[in-house]
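Chain R is already provided as a structure; the job is to place chain A on it using the hints.
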Amino acid sequence: MTGAGYAWDFSFLWAYRSLILTGLEVTIAYTIGTIVLGLVVGLVTGLLRLSRNPIITAPLVAYVEIFRCTPLLVQIVWFYYALPVVIGVDIPAHVAATLVLSLYTGAFYAEIIRGGVNSIERGQWDAARAIGMRRGQVMRHVILPQAVKRMIPPFMNQSIIQLKNTSLVSTIAVADLLYEGTIITAATYRPLEVYTMVAIIYFIVLFPLTIAAQQVERRLARAD
Amino acid sequence: MIEIADLWKAFGPHQVLKGVSLRVERGSVVAIIGPSGSGKSTLLRCINLLEDPDRGCIRVGDREMHFGGSNRARPGDRELAAFRAATGMVFQHFNLFPHMTALHNVMAGPSIVRRLPRREAEDIARGLLAKVGLADKAAAYPSHLSGGQRQRVAIARALAMNPSVMLCDEVTSALDPELVGEVLGVIEQLAEEGMTMVIVTHEVAFAHEVADLVAFMSDGVIVESGPPSQLLEHPENPRTRSFLARFHRFVGSFSGTQ
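Quick mapping for you: the protein sequence lines, in order, are chains R and A. So this note's numbering is basically just the index in the first sequence, starting at one, shifted up by 1. So this note's numbering is basically just the index in the second sequence, starting at one, shifted up by 423.
Next up, chain R with everything else stripped away, as it sits in the complex (with noise of 0.2 Å):
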């Protein structure tokens, strides 16, 4: 069978449509969960790491680094069948994927935290310390509404690129957008259509996004 003579059919995918959905919905559940608890975890940690203090900054550095230097697929297998063994104790496939896909965006987030915090000119805390400001006072009123505006845009491109990351979940069989397509082509034999429909899904959903995100960004640019 060669390439052209492969007769395409995508008609059979309307049978399975509701799974489809499902998938669907599993993935942006994901998505949007793992953002929110990323965003929590990512807070904290950027925000700590600021601390001069090392015996708190230490493990947050080696959090952040561990996640961002590994692979998210290899720390997904490793959190399902690695970490049970270590602690003794089963780790639901849901929870697994949950965990590591938080930490991993979590990491990314406490850079992005961390590094907009940092881009304010020492001279806006010179500014704020002389007229008495307290270190609080300082980060709320002066730093943060300065920073979080150069964080939003790399914060944006970090949340898209998560709702992709969802689909490595599907290796320990959390039944995402992708683990539904794997289960169709099982049933159907027919891959090609089934993979091509699950692409053309993540781009409906991401492209509008990106699109978004673009304007969102070149507003803030211009209100500089």
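Treat each hint with caution, since some may be false.
To be verified - Using C-beta positions, here's what the derived DEER-type ranges look like:
no., chain 1, residue 1, chain 2, residue 2, range
1, A, Asp546, R, Arg223, 26 to 36 Å
2, R, Phe208, A, Asp559, 25 to 35 Å
3, A, Glu632, R, Ser120, 34 to 44 Å
4, A, Ala563, R, Phe208, 34 to 44 Å
5, A, Asp559, R, Glu26, 54 to 64 Å
6, R, Asn119, A, Ala505, 46 to 56 Å
7, R, Asn54, A, His437, 48 to 58 Å
8, A, Arg478, R, Ser120, 55 to 65 Å
9, R, Asn158, A, Asp477, 43 to 53 Å
10, A, Asp546, R, Gly137, 22 to 32 Å
11, R, Asn119, A, Gly442, 26 to 36 Å
The set of hints was computed from the structure by calculation and includes no laboratory data. Built from N, CA and C at the ideal position, the CB exists for glycine as well.
Just chain A, lined up with the frame of chain R:
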């Protein structure tokens, strides 16, 4: 008003202040001149504790802080903030808050630090913007102001805390020449009103005009100080002389081309 005794400060291996002592009387203006890298700005930043001195003693009004020597803990955040609130500082690069209007920049101290009601803070801020000649720029963001206007807003912001002392760190060095006058005018007005000020400046002529005392700093120490007419016209120390000679020659050649 201000008393600094034997102040030492190093950044890593680099000893920037080597035992500086200085007295500033209430209502007087002290100008600090000297070559770059001589420690002038560091001295100024130590006075309101933006830098943490290694050793020595600083008194501003009735607040006094000792550093080094004893095993006394470093002052805490709250103590530092209160100390700084009583001194106003104006910076070379203005350091206005870019996300706030001119009005909100000036209101920042009264409303955030002194926690005054909004109305009251706004009245103070509008009054001070009028004082520096920028009543009509209250709603403007810093990015829409000229350098001279920004620096005047920064002066108003410092004054809004009703400080007993103003510290001015090369406030005209980042300005285009034609904008220097409007800022020096405001400083001069403050001096006339009896504000105690310490001014680090390269404007020797201005120092001559406005200061009651001029201190020449070089290599981390105050080499010589005295009334402007004495220090600037008849310096005794050779280092002061050579610094001023360079300056006079520059002025001479500059006016010669007019």
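Hints, verified against the model:
no.	hint	verdict
1	A/Asp546 to R/Arg223: 26 to 36 Å	holds (33 Å)
2	R/Phe208 to A/Asp559: 25 to 35 Å	violated (47 Å)
3	A/Glu632 to R/Ser120: 34 to 44 Å	holds (40 Å)
4	A/Ala563 to R/Phe208: 34 to 44 Å	holds (40 Å)
5	A/Asp559 to R/Glu26: 54 to 64 Å	holds (57 Å)
6	R/Asn119 to A/Ala505: 46 to 56 Å	violated (27 Å)
7	R/Asn54 to A/His437: 48 to 58 Å	violated (25 Å)
8	A/Arg478 to R/Ser120: 55 to 65 Å	violated (34 Å)
9	R/Asn158 to A/Asp477: 43 to 53 Å	holds (44 Å)
10	A/Asp546 to R/Gly137: 22 to 32 Å	holds (27 Å)
11	R/Asn119 to A/Gly442: 26 to 36 Å	holds (34 Å)
Of the numbered hints stated above, those contradicted by the structure are hints 2, 6, 7 and 8, listed in ascending order.
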